[in-house]
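A.B. asks: Given next are the chains, with one letter for each unit.
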Amino acid sequence: MDYHWNWGIFLEQVKAGEETYLHWLVTGLGWTLAVSLAAWLLALLLGITVGTLRTVPHKGLAVLGATWVELFRNIPLLVQMFLWFFVVPELLPPDWGLWVKQDMLAKEFVTAALCLGLFTSARVAEQVRAGVGSLARGQRDAALALGLTLPQAYRHVILPQALRIVIPPLTSEFMNVFKNSSIAFAIGVMELTFQARQMQEDSEQGIETYLAVTLLYFICAFAANRGMAWIEARSRVPGLIAKPG
Amino acid sequence: MIEIRDVSKSYGATPVLKGCSTTVAKGEVVVVCGPSGSGKSTLIKCVNGLEPFQQGRIVVDGVSVGDPATNLPRLRARVGMVFQHFELFPHMSVRRNLALAQVQVLGRSAEEADARGLKLLDRVGLAAHADKHPAQLSGGQQQRVAIARALAMDPVCMLFDEPTSALDPEMIGEVLDVMVELAREGMTMMVVTHEMGFARQVAQRILFMDQGEIVEDSPAGDFFAAPKSQRAQLFLSRILHH
Ligand SMILES: Nc1ncnc2c1ncn2[C@@H]1O[C@H](COP(=O)(O)OP(=O)(O)O)[C@@H](O)[C@H]1O
Ligand SMILES: [Mg+2]
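Taken in sequence, the protein lines are chains A and B. Our numbering applies: residue 1 is where the first sequence begins, and numbers increase by one. Our numbering applies: residue 1001 is where the second sequence begins, and numbers increase by one.
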């Protein structure tokens, strides 16, 4: 194999500009982090809400929650990305659609974060629902018996316990958000994968490029994992033995 | 104080309560016993509206439980309930377990709630454990905290659903002692239990339930001397020989 290794490539200038390839990758990493963190925030907010609604004794809310989850879970993420980018603006009232297409700031970024956030929210909702379901009914009864309303019982008694239970499964969802964010390149977000493809074509050093990008994704997912582990340790209840798994 | 009239309930086609009627007067202690699955828990949970019922009427301290217009949280705040499995909130310290509903439901200040909670903890002999979490206490201690938590709301009556049946034998006494003291102070109590010693000591009346019916509703003395129904005789002979 006569591949010409060049690990110094990252500090070399790109063909048509002043900046280095490293600069491209760092910019890409920034967009990856931005899309992932915005999506995760949205996923947590919506996922906890929808997952909670699925557990309350109300038919309409339960159907709404179930529809939400099935909708976002059963369509491939890449297809959802294209739907949000190309189809949804066409379905909006004409002047809104025009505004989205012409004037909306950071349109690709907003679309990607929204799409990934909604997709992930369905998965978070399922975890939250399972977490609430795993609590014995007695806790709810005890809270209500003290005179708390159902929303108060959720806020003070049910959700604080359910969320502790779901931290481990949510950890892998958080890591997935970073990995799934790579799909944003398909609608032109200049995130890590996008920059990697550009660097590979520009520099013709594909192996170094993709090894570096692999390492960066790995660091992101690993940091997400450690962050969640830290939260888990901080929220541990004294006297309770951590359940395995 | 508690009036239960012709209450029936079913899960789908399965009846669990069949025309149950009884009353618990102010200051009275009524023990409910009967075989497992006879509907004791269901009946007692109907009293504070944790279980809905399809027929009949329950009035607690002048408030109709089944009336859709009733503010159930407000009613429940005045009816203490103690569960078989304690149901302390495991993520909160004992102190916060006691304060939560006082602050959220009664609107007491944090200091006021804390002071009231500590006083009741002291009363059940657990003041030293205020800053522990439930999982750091024994079963008997947890149940005493649960009783203190209910009392912190200044309830007009107390419901107990097998408060000692999840406890190791050596811890039953400490919980019963607290309950006996409460009864002696004049608390209105409806207690599901198989502790016949407790029933003899403080109960004015015994309800015996079987298959969703209140088969017998007698003064405690009469019940132990000569249960009227055969089912109650059989039940008594079984548990007294344990
Ligand atoms: N959620 C439920 N769905 C269907 N059946 C139930 C439910 N809860 C209780 N039951 C039935 O109701 C009956 C009475 O239960 P319960 O009141 O718990 O009895 P006890 O407290 O006397 O042991 C039992 O036959 C039980 O199987
Ligand atoms: Mg029971």
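Since the hints were derived computationally from the structure, they do not count as laboratory data. Remember, it's a predicted structure, so these values are computed and weren't measured experimentally. All residues carry an ideal CB built from backbone N, CA and C; glycine is no exception. Just so you know, not all the hints are guaranteed correct.
[To be verified] Chain A is faced by these chain B residues, among others (derived, beta-carbon under 8 Å):
no. : residue
1   : Arg1074
2   : Arg1076
3   : Glu1087
4   : Ala1101
5   : Val1105
A.B. asks: Taking the hints in turn, state whether each one holds.
C.D. replies: Evaluation of the provided hints:
1. Arg1074: 7 Å, holds
2. Arg1076: Holds: closest Cβ of chain A sits about 5 Å from arginine 1076(B), inside 8 Å.
3. Glu1087: 4 Å, holds
4. Ala1101: Since the shortest Cβ distance to chain A is 4 Å, the answer is holds.
5. Val1105: The hint holds - valine 1105(B) has a Cβ within 8 Å of chain A, the shortest such distance being about 4 Å.
Violation of the numbered hints given earlier is absent; every hint is satisfied by the structure.
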